[in-house]
Structures are given as C-alpha cells and as structure tokens.
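Sequences are here, hints too, so could you generate the full structure?
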Amino acid sequence: MDLATLLIILAKVIGLTFMVVLPLVPISVYFERRFSAIIQDRVGPNRVGVPLTLLGAKKDFSFFGLIQPMADGLKLFLKEDFTPSHVRKAFYWLAPALTVVPSLVTVCVVPFGSDLVVNGEHHKLVIADLDVGPLFIFAISSLTVYGITLAGWSSNSKFPFIGGVRSTAQMISYEIALGLSIVPVLLYYGDLNLSNIVQKQADNGWLLLPLWGASAPWNNGGDYTAWLFWIPAMIAFVIFTTSVFAETNRMPFDLPECETELVGGYHTEYSSMKFAMFFMGEYAAMVIGSALVVTLFLGGWSLGFGIDAAISDVTVFGVGIGGLIHMAIFMAKVVAFILFFILVRWTVPRFRYDQLMRLGWVIFFEAALINVFLAALVVAAPQYGPAITVGGLIVLAIVTGALVWVLKVSERKALPAAA
Amino acid sequence: MPLALFWFFAIVMLVGGLAVVSLRNPVASALSMVASFVGLAGLFIGLNAFFVGIIQILVYAGAIMVLFIFIIMLLDLQTEEKRAPKLAPVLGGLGIVLAFSIQLIGILSKTPNIKSEPLDLAAASASYADKSPGISSKLAAGHLPDVNLIGDVLFKGYNLPLQIVGVLLLVSTVGVVVLSKRQTT
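Protein chains in written order, with our numbering: chain A, 325 to 743; chain B, 3 to 187.
Hints in this document: simulated from the structure, not taken from any laboratory.
Each residue gets a CB set at the ideal place from its N, CA and C atoms; glycine is no exception.
Errors might be hidden in some of the hints.
[What the hints assert, rightly or not] Cut-off 20 Å, straight-line C-alpha distance, at most; resulting in silico cross-link-like pairs (SDA-like, lysine to any residue):
id, chain 1, residue 1, chain 2, residue 2
1, B, K183, A, V686
2, A, K482, B, Q80
3, A, K732, A, L701
4, B, K183, A, T671
5, B, K158, B, S138
6, A, K413, B, P28
7, B, K183, A, R682
8, B, K158, A, V733
9, B, K158, A, L701
10, B, K158, A, K732
11, B, K158, B, V169
12, B, K84, A, V411
[Stated by the list, open to error] A few chain A residues facing chain B, derived, Cβ under 8 Å:
id, residue
13, A452
14, L454
15, D455
16, T473
17, T492
18, L511
19, Y513
[Unchecked claim] Negatives, chain A to chain B, calculated, CB over 12 Å:
id, residue
20, V353
21, L402
22, G444
23, T584
24, A652
Right under this line is the structure:
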C-alpha cells in the first residue's frame, strides 16, 4: 500500500465521517428544535447569530438561528463535568464512548455518491467498499447496546439501571426484526454490497419506485416482477423503518430514557460532555439509520428516472464532479428522512413497554418472516411457472392464517381455573 | 493483511482472553470477552473471510455477550468480587493450558514453514462457470465473494443437514418455552 492510497483513504475517512456525518448531528438537533416548534406552533430558536451590533451595525445577523448548533455544542463543552461518587468509574467513563464510536464506524460502508473522477482515476465515495455492507452495519451498531447498558449499570442507581436493562431487551428484540426485514431486499438484489445495490437502483429503478430501466414492464417485455415485488418491499420498508426507530431509542420507542417513569433513563447520572456523547450517539445512529433506509429502499445517491448516467459524466475542468452531485442528492434524501424521524417523534405518543415488546416479537418478527417467503415466491415465480407459484401462495396463505390464529389464541387471557 | 494489523488484533484477542480469566469483576470479564471476539473477528477479516468475521461480531459480541452481561448485571456482584481464587482450580487451568501449548509447539515444530500460493481465481471461476454464473463472474472479476461461496456450499451441498440443524434449534427453543412456562400449581 503506497502513500497516495493511504492519503486518499485518510481523506475519505476524515471527509465523510468528520466533515459530513458528524456535522449532521448538531444540524439535526437544530432541525429537531425548529421543526418541533413549527409542529407545536411555537417559534423555536431563531435568534442566535453573528452579533453585528457589537461591531456597530444596525441589525444582528441571525439567519433563522443557524448558529444555534454551535452555541449548543459550546454550552455542553463548558458545563461542569460532574462525576457522582457512587459510580463505577471505569465503566462510567467507557459507556459514552461506546455509544458514539460504533455509530461513526458504520459510516464507512455507506455509499455517499457515484465515482469521483480525478485525472482519469475513479475514486468511490465510500470509505470501505465491503461485500458484506448491511451485515457490517448491523454487527457494528449492535455494539452500541453495550454503551447504554454499561451506562445504566455503572451509574449504580436505580432509574438508570432500569433504563439500561430496558434498552438491552429492546435493542436485542428489534435487531431480529431489523435483520429479517431486509432479507427480501437482499434476495431481490442478490448482493450484499451497498454500492452495487445503489448502482442497480440507479439503473433499474428504486426498490420503492420501479418506474424506469429494466424494472418497468414496458422496458422488459412485460415482466411484472419488479412491480409485484413492491408489496414485500413495502412491508420490509415499514418494518425496517420502525425497527430503526426502536434501535436508535427514538420516540415513540424511547423507553430507556422515558422521563415520566425513569427521570432521564440511562443518562440520568451523566452531565456535560459525557451526556452530550449519548446525545451525539443517538443522533449519529439516526443519521446512519436514515442513510441505510435511503440506500436500501429509496435509491441511495441516485436521482432516478434514468438520468444518473448523465449526472455521473458531468465534468468541470477535467474533474468528474458527478459523484459530488450525487452526494448532494444523497444528503438531501438523508436530511428529508431525518425530518421524517423528527415528525414522527413529535406526533406519535410513547408506547408502553409491554406494547413495545409485543410489537417487536409478536407482530414484526412474524410479519418479517412471512415477508421473506412472500419475497422469495415473487422472485422465483418467473422460473417456476404459474402452477407452482399458485401452490406456494396457497401454502403461504395457510401458514399465515395458522400463525395469526396461534397469535390470537396465545393472546387470549388464561381462563380462571375451574373450581 | 499488513503484519502490523495482524499483531494488533492478535494482541487485542490475547489480552482480552487473559483478562477474562484474571479480572475479578464479572462485568469486566464479559467485556474483555467482547474485546477478544472483536480481535478474533479482525483476524478473520484479515484472512479475507469477511462473512465469518462479521458474523463473529454480530452473533457473539452483539447478541450472546449482551445477554451474558444482561444476566450478570442482575446478579449480586459483591460476593463474586470478594471471593479469593482457590489454588487447585488455578493450577488445574494452568496445567491444561501448558499441556495444550506443548502439543501446539510439537505440531508447529513439525509443520514446514511454506508460504501458501495465492488462490488461482481464474481456475476457481472456471470451476463455478456452469454451477453458478454469479459466483463465477465475481471470481473472474478478481475478488472473492465469500458470502456467495458459503451460501452455495451450505444450501446446495449441505441443504438437508442445514434444515435438520434448523429444526433442532427450533425444538430446543420450544422446549425452553415449555419448561419455563410450566404451570406451578
């Protein structure tokens, strides 16, 4: 490995992780405050800006309070960092780092855009173009649970502990639904490389918008597979998105920090920058979750409608900047999805803990499992002909009916014992 | 894999493994085990076995050890921390480690130190040409599709054993539910 490659990798790591994803964290906090204010018919933070009046100008420069994230960050840095005497020190210090680091590590497999062409060399806008992309994200983000669990346990006090225990149970439960729900997507693409998945969506239509390229029936000789696949894809999308909400401990599933029951949950005993690290971890997980949803279901960096190839070829002064345009499209989609996250947080009330567990284990788990078979049926149908497909559909319907019946029976309250 | 990275992950793994047995606090032991798993996963990935490495983290570090910690946290740790290590188990453990080390040294000293040939991807690609074109084209393009290869072997070569193992796991799950939900009246 020569120095140039090493420098390019370093530039990608610093550029994409610390200059694209990390700034999104305070920006999404700002969005959250402004958007929630709009929802609740308030004004929100709109004042912080450059104090030009100090320099003799007539008015301050406050562009919708866009400097607010910096002020927030500065405030958190300058607050007193207080460590209660009853905590288990080593774990108490380790926990905030363990929540932030995994979220930022997962950035490395997210494809931010198509190739950037400099001097005829193609540079992919992804740090590590792994062949096991989604699995890598799941594996690393499953380590975030240690941060929250340890925070709850090391605080050595009751409310944080309950928060930590809740979070462990919740995250493990929803990891199952999360993993199962994307199996249909992987079946459809037959690939685990996120860059390839996005490239296929750019060429053949997004998973949830199969309107151009080879997936549109008028382009492929009347093959409706892509349109039929829309049904399992949509089910997978709903399950996946909801599970991401649960994995990131966001409303309506923020039971680990439910302040009406647990004061502050797992971060009750934390202050200053250590608290901010949990905050950052949550928002970074949200950014990565949005990026993953956009990548898998909504076409990643592709603009769609078959004009991505043209964008990739845009060249200014001999530098192919098509990749940067695609990156801007990707960021726009991610920010739009973050706004959706925020919208949900401020509209849907918090679940009760048993409802949360029931939703994860009883509804999503089964739905995701049936969805896998439905997707397999849709994908395999052209190869096997109508007779086997219809037979498979009937079997699937019977299995689904039986499952629903079992669930209803198991939900029924146990009859009082006969006297 | 650069040699430096190999040593880094090997040391992470070994130190983690040592810490598991030497630390008195059960939570610290469990976390050291996680570190050891992560080091092991790094070694797998260094051998181009991406899938195995990722599954190592996903299943062991991400799921099983979390449940371990979950249980440990609910226990009373004070008694465990105060318990002094007894001499006999420590000596026994050291003895077993010593026996294994001697065996390992014996085997390694007889193994010739040959550098393995790089994998002939073109030949591998040709051998998969009619069995599965997807794998063949990826091999021809010069990178190893380890997930596809594992899937190919598992679902085409060993489909029945795989199904049987799946049923076995299901039976054990049902068994656990039945045992834990047994009516106490």
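Taking the hints in turn, this is what the structure says about them:
no.: 1; hint: B:K183 x A:V686; verdict: holds, 17 Å
no.: 2; hint: A:K482 x B:Q80; verdict: holds, 17 Å
no.: 3; hint: A:K732 x A:L701; verdict: violated, 26 Å
no.: 4; hint: B:K183 x A:T671; verdict: violated, 38 Å
no.: 5; hint: B:K158 x B:S138; verdict: holds, 16 Å
no.: 6; hint: A:K413 x B:P28; verdict: holds, 16 Å
no.: 7; hint: B:K183 x A:R682; verdict: holds, 17 Å
no.: 8; hint: B:K158 x A:V733; verdict: violated, 38 Å
no.: 9; hint: B:K158 x A:L701; verdict: holds, 19 Å
no.: 10; hint: B:K158 x A:K732; verdict: violated, 37 Å
no.: 11; hint: B:K158 x B:V169; verdict: holds, 18 Å
no.: 12; hint: B:K84 x A:V411; verdict: holds, 18 Å
no.: 13; hint: A452; verdict: violated, 10 Å
no.: 14; hint: L454; verdict: holds, 6 Å
no.: 15; hint: D455; verdict: holds, 6 Å
no.: 16; hint: T473; verdict: holds, 6 Å
no.: 17; hint: T492; verdict: holds, 5 Å
no.: 18; hint: L511; verdict: violated, 11 Å
no.: 19; hint: Y513; verdict: violated, 11 Å
no.: 20; hint: V353; verdict: holds, 28 Å
no.: 21; hint: L402; verdict: holds, 32 Å
no.: 22; hint: G444; verdict: holds, 20 Å
no.: 23; hint: T584; verdict: holds, 24 Å
no.: 24; hint: A652; verdict: holds, 30 Å
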